[in-house]
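**Q** Sequence:
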Amino acid sequence: MFFITFCGCIGALRENIQLLKIFSFSLTLVFLTQMVIAILGFFYSDQTRDALGKFVKKAIVHYRDDLDLQNLMDYIQKEFKCCGWNNYTDWSWNLYFNCTPSNPSTERCAVPFSCCTPLPGETVINTMCGFGIQTQNHLDATKSIYLVGCADRAVIWIESHLLLVGALTLGLALPQQRLILAQSCGSSHQIHPRKTAEAKTTHLMTNTMFIRK
Numbered sequence: 064m065f066f067i068t069f070c071g072c073i074g075a076l077r078e079n080i081q082l083l084k085i086f087s088f089s090l091t092l093v094f095l096t097q098m099v100i101a102i103l104g105f106f107y108s109d110q111t112r113d114a115l116g117k118f119v120k121k122a123i124v125h126y127r128d129d130l131d132l133q134n135l136m137d138y139i140q141k142e143f144k145c146c147g148w149n150n151y152t153d154w155s156w157n158l159y160f161n162c163t164p165s166n167p168s169t170e171r172c173a174v175p176f177s178c179c180t181p182l183p184g185e186t187v188i189n190t191m192c193g194f195g196i197q198t199q200n201h202l203d204a205t206k207s208i209y210l211v212g213c214a215d216r217a218v219i220w221i222e223s224h225l226l227l228v229g230a231l232t233l234g235l236a237l238p239q240q241r242l243i244l245a246q247s248c249g250s251s252h253q254i255h256p257r258k259t260a261e262a263k264t265t266h267l268m269t270n271t272m273f274i275r276k
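64 is the number of the first residue of the sequence shown in my numbering; add one for each residue after it.
No lab work stands behind these hints: they were computed from the structure.
Simulated pairs of lysine-lysine, DSBU-like, Cα-Cα distance not exceeding 35 Å:
{"no.": "1", "residue 1": "Lys141", "residue 2": "Lys120"}
{"no.": "2", "residue 1": "Lys141", "residue 2": "Lys206"}
{"no.": "3", "residue 1": "Lys121", "residue 2": "Lys141"}
{"no.": "4", "residue 1": "Lys121", "residue 2": "Lys144"}
{"no.": "5", "residue 1": "Lys117", "residue 2": "Lys141"}
{"no.": "6", "residue 1": "Lys206", "residue 2": "Lys120"}
{"no.": "7", "residue 1": "Lys144", "residue 2": "Lys120"}
{"no.": "8", "residue 1": "Lys144", "residue 2": "Lys117"}
{"no.": "9", "residue 1": "Lys206", "residue 2": "Lys121"}
Restraint-style ranges between C-beta atoms, simulated for each label pair:
{"no.": "10", "residue 1": "Val218", "residue 2": "Pro167", "range": "30 to 38 Å"}
{"no.": "11", "residue 1": "Asp203", "residue 2": "Asn149", "range": "14 to 22 Å"}
{"no.": "12", "residue 1": "Asp113", "residue 2": "Met191", "range": "32 to 40 Å"}
{"no.": "13", "residue 1": "Glu142", "residue 2": "Pro167", "range": "26 to 34 Å"}
{"no.": "14", "residue 1": "Lys84", "residue 2": "Val187", "range": "52 to 60 Å"}
{"no.": "15", "residue 1": "Ser223", "residue 2": "Glu185", "range": "26 to 34 Å"}
{"no.": "16", "residue 1": "Lys84", "residue 2": "Lys121", "range": "34 to 42 Å"}
{"no.": "17", "residue 1": "Val93", "residue 2": "Asp131", "range": "19 to 27 Å"}
{"no.": "18", "residue 1": "Thr163", "residue 2": "Asp128", "range": "18 to 26 Å"}
{"no.": "19", "residue 1": "Thr96", "residue 2": "Ile221", "range": "13 to 21 Å"}
{"no.": "20", "residue 1": "Pro164", "residue 2": "Val99", "range": "46 to 54 Å"}
Here a beta-carbon is modelled for each residue, glycine too, at the ideal position from N, C-alpha and C.
Take the sequences, apply the hints, and build the full model.
**A** Below you can see the structure in the form of structure tokens.
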């Protein structure tokens, strides 16, 4: 984005046609990319879900290795009130939370605290609230954590906000399209005066030479 802005500002200040063309082309490319993503997301919802599933699985596997992924997963699970991708047992994908008997980790069979349902009046987060949850059945686990997987929550959220997402996409696309059209018109206006001036200069020089003869 810095490069696009730089080309637009410098091109307008210096009346540099090449930079203005790069600016216009970049805006067009960004606009088309947004439209393609929106269309693909709408018509290929299953593929989108699979892609999200792969990303979430990666985030679960590397939950303790990457702080950014850890914070992201905690935010998603708390915000959408979900746990894992399909359900809470997905946390066995993680080396530390894996529920096999051979796992020596103190977090064996646990889930992150972000899966836990907050207690009424709770002011201090209990980071150990998810310990041993994977050994419990669904009925017992529902007392402590969110049982719904984030996959179902994501689908519900997208379906309920589909109109809003479409409106936001259109709202972002229209100003960019106006900028593209304005920039194209501006570039043509800058080119034509120069050609006119050059034509006038050539005509004047021709007349001068004719008078001298």
